[in-house]
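K.L.:
Taken in order, these protein sequences are the chains called A and B.
Take the first sequence: its letters are residues 1 to 518, numbered as in my numbering.
Take the second sequence: its letters are residues 519 to 822, numbered as in my numbering.
These are calculated hints, taken from the structure and not from any lab test.
Heads up, the beta-carbon is just placed ideally off N, CA and C, and yes, glycines get one too.
Please note that the accuracy of each hint is not assured.
With a Cα cut of at most 25 Å, we get these calculated DMTMM-like pairs of lysine to aspartate or glutamate [as the list claims (entries may be wrong)]:
| id | chain 1 | residue 1 | chain 2 | residue 2 |
| --- | --- | --- | --- | --- |
| 1 | A | K436 | B | D720 |
| 2 | B | K806 | B | E648 |
| 3 | A | K499 | A | D467 |
| 4 | B | K586 | B | E689 |
| 5 | B | K806 | B | D792 |
| 6 | B | K611 | A | E507 |
| 7 | A | K435 | B | E680 |
| 8 | A | K436 | B | E680 |
| 9 | A | K504 | B | E603 |
| 10 | A | K505 | B | E565 |
| 11 | A | K244 | A | D271 |
| 12 | A | K511 | B | E680 |
| 13 | A | K500 | A | D394 |
| 14 | B | K589 | B | E567 |
| 15 | A | K511 | B | D792 |
| 16 | A | K511 | B | D571 |
| 17 | B | K787 | A | E507 |
| 18 | B | K643 | B | D653 |
| 19 | A | K511 | B | E565 |
| 20 | B | K741 | B | D571 |
| 21 | B | K611 | B | E627 |
| 22 | B | K643 | A | D467 |
| 23 | B | K652 | B | E680 |
| 24 | B | K770 | A | D428 |
| 25 | B | K626 | B | D653 |
Interface residues of chain B toward chain A, partial, derived using beta-carbon atoms under 7 Å [unchecked claim]:
| id | residue |
| --- | --- |
| 26 | L729 |
| 27 | P758 |
| 28 | K787 |
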Amino acid sequence: MALRHLRTLRVVTSLLLFLPALFIFIDLTGVLPPWAVNALASAELVPAVVKIFSGVGVGAIGLFLVLIMTVSFGRVYCSTICPLGTLQDIFSRLNRKRNSRRRFLFRRQNYLLHYGLLGLTTALALGGSLFLLNLIEPFSSFGRTVVTLLRPIALLLNNGTASLLGAAHVYVFFTVPLHIPSPWALTLSSVFAGALLAMSYMRGRLFCNTLCPAGALLGLLSRLSLFRIVIDKAACKDCGLCEKVCKTGCIDSENMRVDFSACVSCFNCFDACPTVGLRYRVSRAGAQESPPRRVNRRRRALLQGGVGAAMMVLPGSDTLRAVLPVPTGKSRSKLPISPPGSGGTGRFTSRCTACHLCVSACPTQVLSPAFLEYGPGGIFQPRMDYSASTCNYDCAVCGQVCPSGAILPLSIEAKKLVQIGKARFVKDDCIVITKKTECGACSEHCPTKAVHMVKSEGLFLPEVNDDLCIGCGSCEHPCPSTPNKAIYVESNPVHLAAKKPESKKAEPQVKPSADFPF
Amino acid sequence: MDRRTFVKQTVGATLLAGTVAASGRFSRLFAAVPPLPYDLVAVKGGEPEAMFDAAIGALGGMTSFVRKGQKVVIKPNIGWDVTPERAGNTNPKLVSRIVHHCLDAGAKEVYVFDHTCDDWRRAYKTSGIERAAKDAGATVAPGHTESYYHPVSVTGGKVLKEAQVHELILESDVFINVPVLKHHSSSQLTAGMKNQMGIVWDRGYWHRNDLHQCIADFAGYRKPDLTVVDAYLMLKQNGPRGVSLDDVVLLKTQLVTTDIVAADAAAAKLFGVDPDDIGYIKIAAAQKVGRKDLQNLNIKRIAL
Chain A
1 MALRHLRTLR
11 VVTSLLLFLP
21 ALFIFIDLTG
31 VLPPWAVNAL
41 ASAELVPAVV
51 KIFSGVGVGA
61 IGLFLVLIMT
71 VSFGRVYCST
81 ICPLGTLQDI
91 FSRLNRKRNS
101 RRRFLFRRQN
111 YLLHYGLLGL
121 TTALALGGSL
131 FLLNLIEPFS
141 SFGRTVVTLL
151 RPIALLLNNG
161 TASLLGAAHV
171 YVFFTVPLHI
181 PSPWALTLSS
191 VFAGALLAMS
201 YMRGRLFCNT
211 LCPAGALLGL
221 LSRLSLFRIV
231 IDKAACKDCG
241 LCEKVCKTGC
251 IDSENMRVDF
261 SACVSCFNCF
271 DACPTVGLRY
281 RVSRAGAQES
291 PPRRVNRRRR
301 ALLQGGVGAA
311 MMVLPGSDTL
321 RAVLPVPTGK
331 SRSKLPISPP
341 GSGGTGRFTS
351 RCTACHLCVS
361 ACPTQVLSPA
371 FLEYGPGGIF
381 QPRMDYSAST
391 CNYDCAVCGQ
401 VCPSGAILPL
411 SIEAKKLVQI
421 GKARFVKDDC
431 IVITKKTECG
441 ACSEHCPTKA
451 VHMVKSEGLF
461 LPEVNDDLCI
471 GCGSCEHPCP
481 STPNKAIYVE
491 SNPVHLAAKK
501 PESKKAEPQV
511 KPSADFPF
Chain B
519 MDRRTFVKQT
529 VGATLLAGTV
539 AASGRFSRLF
549 AAVPPLPYDL
559 VAVKGGEPEA
569 MFDAAIGALG
579 GMTSFVRKGQ
589 KVVIKPNIGW
599 DVTPERAGNT
609 NPKLVSRIVH
619 HCLDAGAKEV
629 YVFDHTCDDW
639 RRAYKTSGIE
649 RAAKDAGATV
659 APGHTESYYH
669 PVSVTGGKVL
679 KEAQVHELIL
689 ESDVFINVPV
699 LKHHSSSQLT
709 AGMKNQMGIV
719 WDRGYWHRND
729 LHQCIADFAG
739 YRKPDLTVVD
749 AYLMLKQNGP
759 RGVSLDDVVL
769 LKTQLVTTDI
779 VAADAAAAKL
789 FGVDPDDIGY
799 IKIAAAQKVG
809 RKDLQNLNIK
819 RIAL
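Just chain A, same shape as in the assembly (with noise of 0.2 Å):
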């Protein structure tokens, strides 16, 4: 079999896998429908990984396949099912100057950071705190990316093409309205976002053998696969071009050796090589490493032992939430409310990956990424943001298209009887006590009138029926009140029950049946 076709696969089968993932990402006007995400994003090794944990084991099957695929011809996951290599791959290629002359070279492998960190990320995850995981996760990483930076550029373009065609009253496109979450989340998302896109740019698949957890994971367990890549020292001519293309710098074309456990599977090499020098075979040898060369052990250690640190001092760290200003709405709640199906915020953050796809299919936009709202450990993990929008009554889209389980798929029905807050009106901020006039907004918008007006010195006062309310914040998000709203929802920190609203059946007070009444 011609190897060099290997190649050619790769590179389609990852576009054919990649375009999917971006659009799940950008599609701006929710043309795919829920169950399709989420189908796209099941066999994401990290949130399948997570979702073994959040109780609803269908996500395994997917997990399965990896597995199996890496255990057989190692890690073909990262060169074609990860959407976050493949953008690597783009921005990598996009360095011409490299791609002419200077490639890439053999690199040994740090394993102690790699490995490392997949202990840290995964004690950390088992104690609760996605911290770590959700700054380096591969499909969160993307997403995020994506969400942050191309996303709005997407959005613009269509815009702009709405607009223009809506002067024409043509409404085939029409404006969707950008919603920028906590400037520091935004900021911060996309320095990450940025810094991995230069490392690609100048590195190849470096993020993938240092920071990426699924790639360290996959990385042991490809040291058992089946089939690997090894140099055939017979035919092999020495004429290190294989090396040359290697992104991930696993071939060692001096000794004759390639590190598999870092091998991505790209099979660039395959295709540059001139001779039949590489196999890919059946080989009961363990990983190929090679001895140590050039090795700048200072900068190692002081790259370790800041990483480390840093790590150590964030997820905890209430110094950090000190230091940097928490964003204030006018709302007055305090505490963040996580999506319906969810559980509550406790195991919310334990569970979400922050991956934002929620965040991107929401057809109200109420999911924000948070930025220290849930504490530094929840970094990005998203919140209801009821100063941007409400929570659709009759939707559930959040939890359908989760792909780690942390916003359970609900039935409709199974969703409106989830209280995750409730409404607390403030009656000396409200208009009807502040302007003597009418205006009862917030129970006009309350899909189970868990907020109602009452009769009170002549004009209507909204009351609350805390058993009815759901916290949807369909009361806080119009409320006209300023400078501070009347009428906020205070978070249930364990999700509760609400229960149904129920009334008597209405009768006319004129009857159909008699004269009209004027």
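Dock chain B against the given chain A, drawing on the hints supplied.
P.N.:
Structure of chain B alone, referenced to chain A:
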């Protein structure tokens, strides 16, 4: 661009704009409009389509309102993500029938839109209005972002001096207001005038600054050429969104009039409240936007 091209283009554009203006809404100023036989037509006992056929027939057909080549905008209530039987939105069958009548009368374009309360795409879809209007031949337009709204001054407004109004209302020759009759937690009752909150952008201002006065002020800004009150199904309680089917009663009634205040006064009676108990009806009548003295109006009553 050289100077000659600039001059040519400017002159061309001006001529074009002038032609559009002349052939548009201002042409109505010079057209002879025969007086209508009735101030208000009330129909009951039929399906929405049949009731509208009867009502518009009594007023001389849609040609009394829509002339050949005109642009029509229909503003139903599409506020909520609820199904037609919940009566939170205007009946889609009625919207469809009105679109048909407009096109039959020679309308060049018929637009349908609302500034919804729930997510606009869900409301458009669940209400059944998007499908019904499109199938009938109308263009369904969005109204969910500020970019579609332009500032206007509300002459005669006591509190509401300016508003941002949807461009289709500003550009169209004929404006047909098609509210659904409902209980309303803020204004007690919603029909014609309250429905017009859906053609403006900043509704929060109204809520902050005496809701009833603002509703009445705006009613005087651009009176609809026709108001059709859908009272086939009526939301009797828990309005304006409604909580369940328990809130809905079957009334099988429809009101058609050019007087938006008369529409609301008659709607109040149908609902079972005194028009004088509804703030904005009282204010609008006092500001001479229209008439609430139903006893002095020429009303055609039709029972099907």
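K.L.:
Now look at each hint and say whether the structure bears it out.
P.N.:
The hints, checked one at a time:
With a C-alpha separation of about 21 Å, the suggested pairing of A:K436 with B:D720 holds against the 25 Å cut-off. Between B:K806 and B:E648, the direct Cα distance comes to roughly 35 Å. Violation of the 25 Å bound is thereby established for this hinted pair. Simply put, A:K499 and A:D467 have alpha-carbon atoms about 5 Å apart, close enough for the 25 Å limit, and the pair holds. Restraint check for B:K586 and B:E689: the C-alpha separation of about 16 Å stays at or below 25 Å, so the hint holds.
For the proposed pair B:K806 and B:D792, the alpha carbon gap of about 19 Å is at most 25 Å, so the pair holds. A hinted pair counts as satisfied when its Cα atoms are at most 25 Å apart, and B:K611 with A:E507 qualifies at roughly 24 Å. Between A:K435 and B:E680, the direct Cα distance comes to roughly 20 Å. Compliance with the 25 Å bound is thereby established for this hinted pair. For a cut-off of 25 Å, the pair hint linking A:K436 to B:E680 stands: about 22 Å separates their Cα positions.
Taking the CA atoms of A:K504 and B:E603, the gap is about 17 Å. The hint holds against a cut of 25 Å. Under the criterion of a C-alpha separation no larger than 25 Å, the hint pairing A:K505 with B:E565 is consistent with the structure, at around 23 Å. With a CA separation close to 12 Å, the supplied pair A:K244 and A:D271 stays within the 25 Å bound. The suggested pairing of A:K511 with B:E680 is violated, with an alpha-carbon distance near 41 Å, which exceeds 25 Å.
With a CA separation close to 14 Å, the supplied pair A:K500 and A:D394 stays within the 25 Å bound. Between B:K589 and B:E567, the direct Cα distance comes to roughly 22 Å. Compliance with the 25 Å bound is thereby established for this hinted pair. Between A:K511 and B:D792 the CA atoms are separated by roughly 16 Å; this keeps the pair inside 25 Å, and the hint holds. With a C-alpha separation of about 23 Å, the suggested pair A:K511 and B:D571 falls inside the 25 Å cut-off, and the hint holds.
Between B:K787 and A:E507 the CA atoms are separated by roughly 15 Å; this keeps the pair inside 25 Å, and the hint holds. For the proposed pair B:K643 and B:D653, the alpha carbon gap of about 13 Å is at most 25 Å, so the pair holds. Taken as a hint, the A:K511 and B:E565 pair is honoured in the structure, with Cα atoms around 17 Å apart against an allowance of 25 Å. Simply put, B:K741 and B:D571 have alpha-carbon atoms about 23 Å apart, close enough for the 25 Å limit, and the pair holds.
A hinted pair counts as satisfied when its Cα atoms are at most 25 Å apart, and B:K611 with B:E627 qualifies at roughly 19 Å. A distance of roughly 30 Å separates the Cα atoms of B:K643 and A:D467; the hinted pair therefore is violated under the 25 Å criterion. With a C-alpha separation of about 32 Å, the suggested pair B:K652 and B:E680 falls outside the 25 Å cut-off, and the hint is violated. Restraint check for B:K770 and A:D428: not satisfied, since their Cα atoms lie roughly 43 Å apart, outside the 25 Å limit.
For the suggested pair B:K626 and B:D653, the alpha carbons sit about 16 Å apart, so the restraint of at most 25 Å is met. For B:L729, the interface hint holds, the least distance from its beta-carbon to any beta-carbon of chain A being 5 Å, beneath 7 Å. Of the supplied interface hints, the one on B:P758 holds, with its beta-carbon coming within about 6 Å of a beta-carbon of chain A, less than 7 Å. Proximity of B:K787 to chain A holds as hinted, the smallest CB-CB distance being about 4 Å (cut-off 7 Å).
Violated hints for the displayed structure, listed by number in ascending order: 2, 12, 22, 23, 24.
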